[in-house]
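Chains A and B, in that order, are what the protein sequence lines are.
Counting along the first sequence from 1, when you hit position 20 you're at 10 in this note's numbering, and nothing is skipped either side.
One rule links them: number in this note's numbering = place in the second sequence (from 1) + 1018.
Heads up, a few of these hints could be off.
Said to hold, decoys possible - Under 7 Å between C-beta atoms, here's a sample of chain A residues computed to sit facing chain B:
| id | residue |
| --- | --- |
| 1 | Gly32 |
| 2 | Leu33 |
| 3 | Leu80 |
| 4 | Ser95 |
It should be emphasised that the hints constitute simulated quantities derived from the structure, not laboratory data.
Every residue, glycine too, gets a C-beta built ideally from N, C-alpha and C.
What follows is the residue order along each chain.
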Amino acid sequence: DVKVTQSSRYLVKRTGEKVFLECVQDMDHENMFWYRQDPGLGLRLIYFSYDVKMKEKGDIPEGYSVSREKKERFSLILESASTNQTSMYLCASSFGGTYGYTFGSGTRLTVV
Amino acid sequence: GQQLNQSPQSMFIQEGEDVSMNCTSSSIFNTWLWYKQDPGEGPVLLIALYKAGELTSNGRLTAQFGITRKDSFLNISASIPSDVGIYFCAGRSRSGGSNYKLTFGKGTLLTVNP
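Construct the complete structure from the given sequences, taking the supplied hints into account.
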């Protein structure tokens, strides 16, 4: 089975901290995605990457950056965490343009 | 960007009842997908549909790709308590070259009363 692993299930960080959320997939997928999920707002795309070192902004990239130095790893960076970035963060990967995404289990981030 | 309208937003049903939810769009999609998210977990793919008119089943779940390619529905028959969760529809079009990107509905929260 394809596995998408997010490094932390729960994180608590202070306002202003730099936060790294890590995601690793083990099936050689080209495409990787970061979403945040908030009640009533569904899944909102932050950034995605279709190849190593390539990245594209999603719908809500402000306050975030990403890094993809290796094909299997896609990192989401909160440059200076704020309380409005408290959310559930979901990483996903996919192969090509035909199949669905495989999601990780999510990281619930609380910024205090 | 593209939007999917998913309804209903939430459902509260009794165990054993059948459930129906749907997604509509103003744009044409070439793929429709249905996901389920258990509480505290990431979404998991339930059913994928690739052809207009296609009807696909997965156990008690049945989904259809609308003929117009602008809608899809998911039915759950004889619901059980473990069906609780959030169900998402997702669609993929080939416009703009971003054919690897999915558009998601906002989800249907299903609660099943034993």
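Determine which of the earlier numbered hints do not hold for this structure and return their numbers in increasing order.
none
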